[in-house]
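Asks: Residue numbers (the UniProt record's numbering), protein chains in the order written: chain S, 1 to 336; chain P, 1 to 336; chain Z, 1 to 336; chain W, 1 to 336.
Please keep in mind that the hints were generated in silico from the structure rather than gathered at the bench.
Take the hints with a grain of salt, since some may be wrong.
Identical chains share a label here; the pair holds if one copy fits it or two copies do between them.
[Claimed, not checked] Think about it this way: if two alpha-carbon atoms lie no more than 27 angstroms apart in a straight line, the pair counts; the simulated DSS-like pairs of lysine-lysine are: (1) LYS237 x LYS199; (2) LYS140 x LYS230; (3) LYS222 x LYS166; (4) LYS10 x LYS230; (5) LYS293 x LYS237; (6) LYS245 x LYS166; (7) LYS222 x LYS140; (8) LYS222 x LYS167; (9) LYS199 x LYS167; (10) LYS166 x LYS237; (11) LYS199 x LYS166.
There are 4 protein chains.
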Amino acid sequence: MTYVTFPLDKPLDFAAIGRLCIDLNANEIHRPMEETMTFTKYVGGSPANITIGMARLGLQTAFIGKIANDQMGRFIEDYLQRNRIETTNVVTDQTGAVTGLAFTEIKSPTDCSILMYRDNAADLLLTPAEVQESLIARAKVLLISGTALAQSPSREAVFQALSYAKKHGAVIVFDLDYRPYTWKSAEETATYYNLAAEKCDIILGTREEFDMMERFETNPEKDDRITAAKWFDYSAKIVIIKHGKEGSIAYTPDGVGHRAKSFPAKVVKTFGAGDSYAAGFIYGIMQGWTIEKSMEYGSAAACIVISSHSCSDAMPTAAQVDDYIERCNRGEITAS
Amino acid sequence: MTYVTFPLDKPLDFAAIGRLCIDLNANEIHRPMEETMTFTKYVGGSPANITIGMARLGLQTAFIGKIANDQMGRFIEDYLQRNRIETTNVVTDQTGAVTGLAFTEIKSPTDCSILMYRDNAADLLLTPAEVQESLIARAKVLLISGTALAQSPSREAVFQALSYAKKHGAVIVFDLDYRPYTWKSAEETATYYNLAAEKCDIILGTREEFDMMERFETNPEKDDRITAAKWFDYSAKIVIIKHGKEGSIAYTPDGVGHRAKSFPAKVVKTFGAGDSYAAGFIYGIMQGWTIEKSMEYGSAAACIVISSHSCSDAMPTAAQVDDYIERCNRGEITAS
Amino acid sequence: MTYVTFPLDKPLDFAAIGRLCIDLNANEIHRPMEETMTFTKYVGGSPANITIGMARLGLQTAFIGKIANDQMGRFIEDYLQRNRIETTNVVTDQTGAVTGLAFTEIKSPTDCSILMYRDNAADLLLTPAEVQESLIARAKVLLISGTALAQSPSREAVFQALSYAKKHGAVIVFDLDYRPYTWKSAEETATYYNLAAEKCDIILGTREEFDMMERFETNPEKDDRITAAKWFDYSAKIVIIKHGKEGSIAYTPDGVGHRAKSFPAKVVKTFGAGDSYAAGFIYGIMQGWTIEKSMEYGSAAACIVISSHSCSDAMPTAAQVDDYIERCNRGEITAS
Amino acid sequence: MTYVTFPLDKPLDFAAIGRLCIDLNANEIHRPMEETMTFTKYVGGSPANITIGMARLGLQTAFIGKIANDQMGRFIEDYLQRNRIETTNVVTDQTGAVTGLAFTEIKSPTDCSILMYRDNAADLLLTPAEVQESLIARAKVLLISGTALAQSPSREAVFQALSYAKKHGAVIVFDLDYRPYTWKSAEETATYYNLAAEKCDIILGTREEFDMMERFETNPEKDDRITAAKWFDYSAKIVIIKHGKEGSIAYTPDGVGHRAKSFPAKVVKTFGAGDSYAAGFIYGIMQGWTIEKSMEYGSAAACIVISSHSCSDAMPTAAQVDDYIERCNRGEITAS
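Chain S extracted, bound-state conformation:
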């Protein structure tokens, strides 16, 4: 059954708006960051990673965001272009803002953390007037990400992008991606997440992220179905709620909770799992696949990313995902 219909006549498959930053990944891993002496630089930020993932899978993509007017900003723009991502709406800040940073610490495959630099980050300075209506008018899908709602004027830019997407009929995907940095209060967070989610067709998040959104509501059992039902009353057609190791469930307005099998992986670190999953899943839905098959595709993409050192740079091509699934099916890959 088809839950989401895409405007197939539009030339741009996928556009995302939001965070665009630098990951500095520890080269010496399996130790605390205090003992890490060198770091490798990658493009990062959840919506940037997903867009890179979509581009690697072969889609026409574009990014809407703001970069610092410095060496880090120029590196990001260049990397997007080398990945064939349209950057006509990647604006360069002129106020002296910096590029957000994420230093990663990999103590063990299951004990990873991030040291964030988000003060005065350029990506949060995107303004509503800088969002190009013409770009969104060309796009089949607009993806928004929660971190871009954390501050003005980026927050208003996201709402303006949502307004354009609604007007021009793009399918809207909301990757909740809640991170406490830069938000002033949990109440503020709940307010804007809810206002944005009302306008979205596909919502992906963890159970904890949905709990945060239900701060002023009554769902004492944290019941997925109550959560999903709220959004079906607005615009949603698919609500994916992730339960960590217990797996994810995709809810649809017909009352079905869709689950998919997972794949083994030789885990290096957990960063990037969600972004690659989102890319793989949205790609599948856009191909007209079932929700279950799309979820499997997302899982396989995630396995590839968590088996390698980077997030963005490890995003797989469709051939790599297909190959991974086949090798799993042949039993050639086992968990670490």
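Based on these hints, arrange chains P, Z and W on the given structure of chain S.
Replies: Here is chains P, Z and W on its own, set in the frame of chain S:
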């Protein structure tokens, strides 16, 4: 024809959320404020004035807001209580914020201005968690006012109040009341006015206020009907657009533009006209009167207020409005 | 004995830098402000009051400060000019700042309080570059006041004025006038008060104000002589420490603690006592009078101000002070 | 001739207060940072570098500063301790501040730049109350650095440290180290640099840094002798003014301008030259050497640092400096 249906089983006729401040009105008028030596203190703020107006007209009312923990704040709370306005959700600030002030200058009946003190104003510090769901659940009508959207956390408190009003079926009135103070940019203003207006049943504002909301839209002729039609696609049932001396027009989803006659007045100053008009109009609609009769009632209430020295304190009773209309009809009142 | 020598060849007797604001004095007094309905407007701010006092006493005076670009600001400038105070260095703010306000509450002659509006106050926006070196070069005396140290850039403007006064040989008077508003911390306060006091010839303050400055020092008994001795090691020649009802003591580097008799008064309120005392005292010292006679003159000036409704507007002329002293000496005035 | 006398009975040779951060040095050099893929982590910040330099030269040292409560902060503290620098007054921030960062770009030996992260930096949050009087009481020398004056409360902490140093008789060294980041205006900078410099015995800076301090003064020819003379009127005994390639001149109150020969070096990058020069020079003066010999020692130390990849980590021991000078004297080292 009835355009708006009120939940008649609810005990509280009217609740408003937002600005609550002090007017300091020049005693020596018809001169520049430089030459004014004494000022008289009144409760002020558009939603407070409207609530006082509704209470004077005989309705059960309540206010949702925040006051400074000082002599000005205590004066405000006492004044509301003396006007039989419920203050259970008037919260006292504990951070050292001050009461917003408006010094009025009346150079002539048509040349009035306001000197505003809005820095660190207590009313803008109301938080979403302080808004009482139970109060809104008891209310037939919730009125919101644009100035409360100007800053966090008051902005989020308004969206939370809107969420409760939607959940419990209150009719929502939006008095645009745009004032440039405290807003960071015109873009920010447009974003939140639009997000709020999507959820409202009755929207009142000037043509210039609606223009401000259409900053990112296409309405080159500033056509009232294009403006109104947008909101009928969301929740609106009545959109009143005020054209200054050319009068106001109330648009309804059936395509009708309702107009009403106006009344003469001996004008002292123009302050408070909009607030008394709003009170009279909403009162009329709640009585089940036609839109035209309600607009006339609002006009008569406004005439009474602009003929006197204060805003809040001059809000008329129903008997006073009836009397004014009768005297106008008998030709006993002529314009100044 | 002469403790301070003034550069008598300079044409301007007295210049002050700092706070310049509006007092709104309750007209209905001897009640809480909640019950006050009308207020009368006066120029206020400690250094402004002192300057008005000096002008009334017949000296050539000037003010260095910043006013809001509004009706309040224009009223202040006009009032200074009508009192023959030079305003060539009274700068008008262009950023939308407001005029600081002080609402006074007079519950009884001994129970007075002030409700302050100091957010975004124009006087705190004076910059170092706006301070006219040529004006200070013409002045016998520069008075600085602690409130102007509370925020940047006013804080730096005061240090720049001190630098010019040192360079050109003006006698520097520091009226501590500590008020907690707008200071971020008690530590910050102590730092800048001390840096400024190091450069001053005459320092006036209450015992509590000197305690605040000794936050990082050792004076467990709060011993006036330890306090004064510190400043004699820098530039001070007179240190006046006020002990409320026990009276004031003026310390000098020769080890003497000077005291003076006080006068009876029919007290209306206590506001303005310190400012009129400072004006009378500095005037006396500039006349070459003994410290004791100068202190008496300050006391008499203070008695006149606390017997009337305003501060600035009640500042006495020399004839009025002389007359007050004579009437007290004849026993015509007794305490209220 | 001896210009500065040190309190030889104190057990701690050298204490510095101020910036303490992380350098991330490009591993792939001689290219724009856009093309640098990996970075190596070092302790950085001018006063930290100087302290490390003093410790390497064999002195008893301590640091007064604040570090972030994260992996970067812990790395810094550990590095200081491994270099035998006392860290009893290195305070850990508890507000979520981050460690300042400096990404270095080395395009060529003469074309180097720095990308700074100074927003919400922990080192600028040191408060006056956190400065240990007992530590400063034990120190022969206190070094302050201009960047710590850039913001409150670090600015007040420096003035408090100066106050303690004066009280206990430490020799005070001011390394101007002006960097525009975090200062609000050039006027503000001039104000606090001057207030601090008034209290210092030895002042080191570039001609441009002294120009910045003379913003409100008259020195049209930028005459070193006018500059130096001003500070001799306060506390200074040595004022070193650096003229880039033309070399440095050390002025003393006797009117002498001291110059020293320089050494050749195989330059990798210019970062760290000033810090190692300062360490070498102060070390020499503390040994009782002539100013000229101390300047030579500083130059040799600087040559060693600019010939290597890091700043802090390349600070030489006394044996290394001696060896470098000897090899230069034997003609074994020539310029690159």
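Asks: Now tell me if each hint is right for this structure.
Replies: Comparing the hints with the structure gives:
no.	hint	in the structure
1	LYS237 x LYS199	both (11 angstroms within a copy, 21 angstroms between copies)
2	LYS140 x LYS230	both (25 angstroms within a copy, 24 angstroms between copies)
3	LYS222 x LYS166	between (30 angstroms within a copy, 22 angstroms between copies)
4	LYS10 x LYS230	between (30 angstroms within a copy, 25 angstroms between copies)
5	LYS293 x LYS237	within (17 angstroms within a copy, 45 angstroms between copies)
6	LYS245 x LYS166	neither (35 angstroms within a copy, 37 angstroms between copies)
7	LYS222 x LYS140	neither (33 angstroms within a copy, 31 angstroms between copies)
8	LYS222 x LYS167	between (34 angstroms within a copy, 19 angstroms between copies)
9	LYS199 x LYS167	both (11 angstroms within a copy, 17 angstroms between copies)
10	LYS166 x LYS237	both (15 angstroms within a copy, 22 angstroms between copies)
11	LYS199 x LYS166	both (8 angstroms within a copy, 16 angstroms between copies)
Checked against the numbered hints listed earlier, the structure breaks hints 6 and 7; every other hint is satisfied.
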